[in-house]
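Residue numbers (our numbering), protein chains in the order written: chain A, 1 to 260; chain B, 1 to 347.
Quick caveat, the hints were computed from the structure, so don't treat them as lab data. Certain hints may be false.
[To be verified] Straight line, CA to CA, 27 Å or less: simulated DSSO-like cross-link-like pairs of lysine-lysine:
#	chain 1	residue 1	chain 2	residue 2
1	B	K211	B	K269
2	A	K2	A	K80
3	B	K331	A	K257
4	A	K257	B	K339
5	A	K167	B	K211
6	A	K167	B	K242
7	B	K141	A	K218
8	A	K255	B	K242
9	A	K226	B	K7
10	B	K32	B	K190
11	A	K145	B	K269
12	A	K169	B	K211
13	B	K214	A	K167
14	B	K75	A	K145
15	B	K52	B	K32
16	B	K190	A	K253
17	B	K341	A	K169
18	B	K65	B	K32
19	B	K211	B	K226
20	B	K242	B	K211
21	B	K65	B	K52
22	B	K65	B	K75
23	A	K255	B	K65
24	B	K7	A	K218
25	B	K144	A	K226
26	B	K269	A	K238
27	B	K75	A	K238
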Amino acid sequence: MKIVVCIKQVPDTKGGVKFNPDGTLDRAAMMTIMNPDDKAGLEAALRLKDQYGAEVTVLTMGLPKAEDVLREALAMGADKGILVTDRVLGGADTWATSQTLAGALRNLDYDLIITGRQAIDGDTAQVGPQISEHLNIPVISYAQKIEIDGDSVIVERQFDDRYHVLKAKMPCLITALAELNEPRYMTPGGIFDACKAEITTWGRADLKDVEDSNLGLKGSPTQIAKASDKVRKGTGEKVALDPAESVDYIVGKLKEKHII
Amino acid sequence: MNLEEYKGVYVFAQQVDNVINSIAFELIGKGKDLAEALGTTVTAVLVGSNVKDLADELAEYGADKVILVDDPELKEYRTEPYAHALASVIEKYKPEIFLVGATAIGRDLGPRVSARVHTGLTADCTQLEIGDFPINPIPGKEQKHNQLLMTRPAFGGNTIATIACPDFRPQMATVRPGVMQKREKVAGAKADVEEFNPGFTPDHKYVEILKVVKAVTDTVDIMDAKILVSGGRGVGSAENFKLLDDLAEVLGGTVSCSRAVVDAGWKSKDLQVGQTGKTVRPNLYFAIGISGAIQHLAGMEESDVIIAINKDETAPIFDVADYGIVGDLNKILPALTEKLKAEMAAK
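Here chain A stands alone, though its shape is the one from the complex:
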């Protein structure tokens, strides 16, 4: 079985976000990590590899430094890493990103493509389903459990108040939730090998069956009208009183606001 996992290098928003003086995100000043949902997708692929035997390829699109997340994936147990990087691909929205990744995937053999549900920088959850549309294969998003059954995959798919158990013929694309599993750590031997491993780098010319008009900023249907730091509503009152006074204070406010 051949599995391709699409992963993304993202700024770690946990430690707060830093901005340039002009209000844009200062990506250079922030730590980067492998996107958590993608890491769960990679772990799911590695477990399928452990259980059924599989070749796991990790694919990313980004700046040259995105090579770091591919090496991390190799150190966890992935077999091959492919970096798609080219200036003409920059500024892509989800349409152009999914076109780019689909163009790369057309060069590869796969039974299963796994992506994270969403990246913590954009939170769109669009690229996985869009890739499946471009490749004309079924998609099962929000996977919380994945099993292989012959030439099919059986997936528990999470909804708000229920889940579906779905069966799809491979090739198929699955988007993974961070809740799917607890990703394994890199092993010392894995890190050693990953440092020396050959990473395949592809540019625009290596993408198959994609028109220029669907790539990069120019190929992006959505455009940013404005971006700003979030304006929060002003701080209200803050008091430190003893418990009895606190209670009177709260009850007073509830009356003032006609809630009681």
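Chain A is fixed; fit chain B onto it per the hints.
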């Protein structure tokens, strides 16, 4: 693509088990604002099996027209037949705006549809308006009028971006549930109902549903609650949520929680407020022992009145609270519940 051919505001009227999701009414409500600004109408697209009876309810919340796609293949939600339904509606009716709820279904369906019809899709919008793009004129660039400006949080709620889709139609957005306002229900209102079936022939993209497992829950949906008593890690234990239950009961409210509480296994995921949980905007939100991570704030800061109780005076929750009390929830809550009981009894 001739953009001028595309007219009207369309919304996906999500239903599950033949019950319309509240997001459909919210989208119609917002759709009416947009349609008024554009001088056009709102059409709800109702997709399912034996769902014709639901059309009137959409009209009562303001839909001018309902397009009904009814087919046995559409009984349970599956990506492919639903994507085919919506893409076919878009190809036939050519709407200028198409809104979908940012639910677990909508966030799966929206990207597949937008990719099929080749247009842009803006995810999880919290604000929609009609305006110019670019917002301010730029020399040498055409400023287009009557564009849908879609505003959404990004980077875990740290930034906010306004997006346009000037050269493709429809302009598509998924909209965060609980943010847009429904219109007053007008009992007895009727819409034009037009049936449309593009034909559903199962192919390799139709997945097979082996089983549907519903979570058993008797709790009120926290998105519908007028008063929420929400607890965080500071509550200390699952047992200690009793203090919140008691307060909620006397106020006629519902208990919700932060992500830390779900991660600790004290409460179930359907009660979680925040970026990866639900967005709520009750009349009153009690934040008890919640520090106020940015992802949590994104899910509750639109509440009318926010009262925070936290022993850490530097907790970020105080930045959004209307009334903040620095103190020990274990002492304040029982006394507050007793006092409120007395107040209610005196009425």
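So which of the earlier hints does this model not fit?
6, 16, 17, 19, 20, 23, 26, 27
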